[in-house]
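**Student:** Each protein sequence line maps, in turn, to chains A and B. Residues in the first sequence are numbered from 2 upward in steps of one, following the numbering used here. Residues in the second sequence are numbered from 2 upward in steps of one, following the numbering used here.
All the pointers check out, no bait thrown in.
No copy is singled out in the list; a pair is fine if it fits within one copy or between any two copies.
Below, in silico cross-link-like pairs of lysine-lysine (DSSO-like), each with a Cα-Cα straight-line distance of 30 Å or less:
no., residue 1, residue 2
1, 150, 267
2, 393, 97
3, 379, 412
4, 36, 379
5, 215, 104
6, 72, 302
I should point out that these hints are in silico values taken from the structure, not numbers from a laboratory.
Number of protein chains: 2
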Amino acid sequence: MKVKPKGADEIMDIIQGGVTAAKGFEAAGVEAAIKYQNRKDMALIYSEAPCKAAGVFTSNMVKAAPVLWDKEVVAHSPAVHAVVVNAGIANACTGKEGYECCKKTAKAAAECLQISEDAVLVASTGVIGMQLPVDKIAAGVRQLAEKKKDTTEAGQEAAEAIMTTDTVSKQVAVTIEAGGKTVTIGGMCKGSGMIHPNMCTMLAFITSDIAISKELLQEALSEDVKDTFNMISVDGDTSTNDTLVILTNGLAGNPEITSKNEDYDKFREALNYINTTLAKKMAGDGEGATALFEAKVIHAKTKEDARVLSRSVISSNLTKAAIFGHDANLGRAFCALGYSGVEFDAGLVDLYLENDEKSLPVFQNGMMIDYSEEEATKILSSPEVRILADMKCGSAEASAWGCDLTFDYVKINADYRS
Amino acid sequence: MKVKPKGADEIMDIIQGGVTAAKGFEAAGVEAAIKYQNRKDMALIYSEAPCKAAGVFTSNMVKAAPVLWDKEVVAHSPAVHAVVVNAGIANACTGKEGYECCKKTAKAAAECLQISEDAVLVASTGVIGMQLPVDKIAAGVRQLAEKKKDTTEAGQEAAEAIMTTDTVSKQVAVTIEAGGKTVTIGGMCKGSGMIHPNMCTMLAFITSDIAISKELLQEALSEDVKDTFNMISVDGDTSTNDTLVILTNGLAGNPEITSKNEDYDKFREALNYINTTLAKKMAGDGEGATALFEAKVIHAKTKEDARVLSRSVISSNLTKAAIFGHDANLGRAFCALGYSGVEFDAGLVDLYLENDEKSLPVFQNGMMIDYSEEEATKILSSPEVRILADMKCGSAEASAWGCDLTFDYVKINADYRS
Chain A
2 MKVKPKGADE
12 IMDIIQGGVT
22 AAKGFEAAGV
32 EAAIKYQNRK
42 DMALIYSEAP
52 CKAAGVFTSN
62 MVKAAPVLWD
72 KEVVAHSPAV
82 HAVVVNAGIA
92 NACTGKEGYE
102 CCKKTAKAAA
112 ECLQISEDAV
122 LVASTGVIGM
132 QLPVDKIAAG
142 VRQLAEKKKD
152 TTEAGQEAAE
162 AIMTTDTVSK
172 QVAVTIEAGG
182 KTVTIGGMCK
192 GSGMIHPNMC
202 TMLAFITSDI
212 AISKELLQEA
222 LSEDVKDTFN
232 MISVDGDTST
242 NDTLVILTNG
252 LAGNPEITSK
262 NEDYDKFREA
272 LNYINTTLAK
282 KMAGDGEGAT
292 ALFEAKVIHA
302 KTKEDARVLS
312 RSVISSNLTK
322 AAIFGHDANL
332 GRAFCALGYS
342 GVEFDAGLVD
352 LYLENDEKSL
362 PVFQNGMMID
372 YSEEEATKIL
382 SSPEVRILAD
392 MKCGSAEASA
402 WGCDLTFDYV
412 KINADYRS
Chain B
2 MKVKPKGADE
12 IMDIIQGGVT
22 AAKGFEAAGV
32 EAAIKYQNRK
42 DMALIYSEAP
52 CKAAGVFTSN
62 MVKAAPVLWD
72 KEVVAHSPAV
82 HAVVVNAGIA
92 NACTGKEGYE
102 CCKKTAKAAA
112 ECLQISEDAV
122 LVASTGVIGM
132 QLPVDKIAAG
142 VRQLAEKKKD
152 TTEAGQEAAE
162 AIMTTDTVSK
172 QVAVTIEAGG
182 KTVTIGGMCK
192 GSGMIHPNMC
202 TMLAFITSDI
212 AISKELLQEA
222 LSEDVKDTFN
232 MISVDGDTST
242 NDTLVILTNG
252 LAGNPEITSK
262 NEDYDKFREA
272 LNYINTTLAK
282 KMAGDGEGAT
292 ALFEAKVIHA
302 KTKEDARVLS
312 RSVISSNLTK
322 AAIFGHDANL
332 GRAFCALGYS
342 GVEFDAGLVD
352 LYLENDEKSL
362 PVFQNGMMID
372 YSEEEATKIL
382 SSPEVRILAD
392 MKCGSAEASA
402 WGCDLTFDYV
412 KINADYRS
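Just need the whole structure built from these sequences, with the hints factored in.
**Tutor:** Now the structure itself:
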């Protein structure tokens, strides 16, 4: 279940921290009382050195105002210096007033930080349909600008401030060597409902001091998302606010990466580790979840087939409820492979139930075989459960991550706004 | 919320009963102890007069053995006389042995009823992966053949025998006039989990004494399914066993319908009423459901757009949980329209919360407006709740039906096999 990129030990070191791990990045988290009381609900990421930015955003036709704002900034701004995030209200379905609010947020940040308005990204998460209280946002921005620091603690506070129904904050950081210099990449994200990214997940921010061209930065991010953030699902609902942004300020001093050389490959691997780790943290902390649920498909005809098949299994409500109940009802997973839209020979498929220690064959050549229910229940009681499907019709593979469907998911979402 | 086909009162009468309502059809339900104890779990539908048959089956790549058997019978048999159904075990993912079991079931029925083996349709519903106990099935068939009757009670017993997690049996029947004769159409079906038909829902059987050509019968059924059974979802899981079959024996004595004349149109409307009623009964009795949840989309660009949009809303776990919680979080429904894959202008959309008596505007031109939470809660407390979306970009409309997502859904499915 552990993410172990090939040769990961040789090319990267996993370190403490998140968005402040890389050189020149500061962060803060404060209580701005946007909607929640007595908890941090606004965060700032800041780099004095100008950053290149790349982003991937929700494919939902209903895009939140900050998504519209950020797409402009990522596409057209010469440099980005800051990201302002609030939790509690999503600023989605808020029309012109909502977009004006993004502009005012950026303006407030620009004044405090003495940067240009179009150097500020904004992001929101929470309830759809409500307007943001602009005065509180502006006051929050002033607090954030005063408080920002480059410490691990400051990064931690930012990661806490962007949480909604998340039960834990989510960060990761690694270092690699590039052009003889140490390059750091760190990130944070939040889930945990309305998670079925079809571009990327709700909110994720990655910072790095690597020097890399803007084109390659965007390409690396867009490619990597297909196997990481787009491979998780909590509830099949693709949010209006999904935002994944990476900022790089070049302070590591490596020779700028402008072609797909060895340094680029290392960066891609490190980025894949960061994204996979954050995506899995999000899936495992899905609303009400008691287990991280992975579906791995091997020997599929094509990579896209493998992706679609594995996503179909982790999105199946029936399979997710069975995982919650520790019931080895793998017929449901088989059924989910079948309705995924991918063509395959059902008479060939093998299914295994797995955790980090054991692999239990349950279906062979499309039929259920004798297996120990006791063993199955033991595996299903692990905090990380995997269903492995061997399609036996090719050489492509993919993994998708989700969580179980529990009473608490229903409880949280039957009563979210009150 | 009521289904009132245009001019329905003029062209049809709703009557008591189900599969035995039409002339010449008998039915039975018996306890065969296939998997359940102390309840009916096998059903028979029988017509001494030879029937034309049309069917629509699951699109799942993993097709249960009875689906494979029935497709052959519907396509190639000169006449159908009987349907044998069992609940408890789905006979899916059971390989050659499973298919052999269908053959043996048909053979047992053929012997008892003195008909040909290929005149027998079989259908199963229940747990995936287990083999059927052939001896018990054969004994059940003998009981059914002895017990069959043409009474309303016999139809009722059959409807009860095919239930799994259904809480109520589901039947409907109507009469129309065709060619100066009274024609009767009746049906029964069962849900209630793994319901997200992509051809039709789990098991539904319709009988009629109408005289109609086989080609037109199949065309009428295939067309109607698009707006009825394919427009419901309980949990997004498309079953391996979905089967919808119609049998017509011509005993009404109407001149055989061989072209799309007035009688055909009446039959289509009656069939639409039957299918819509059964589909809604299934949605409203979804596993754990406390409410029937309808999404109606109007003024969409195309019919297919309207279908996709309405289905996306009733399939959204978040929206379904909000309905359960009587929380007017229509932002989630708006979000579900947005990720449906259909293109539209989010700035135009109006959303209404409705029941049979009231219509409450909640979003206007893409933005939430002031509305009474008290009114909203009152509407959400109805047994039938509708979200109406006005897309304002065309003239097409469609309805889809689902149910709320409840603690009981999770409870039922965390522990289905035990």
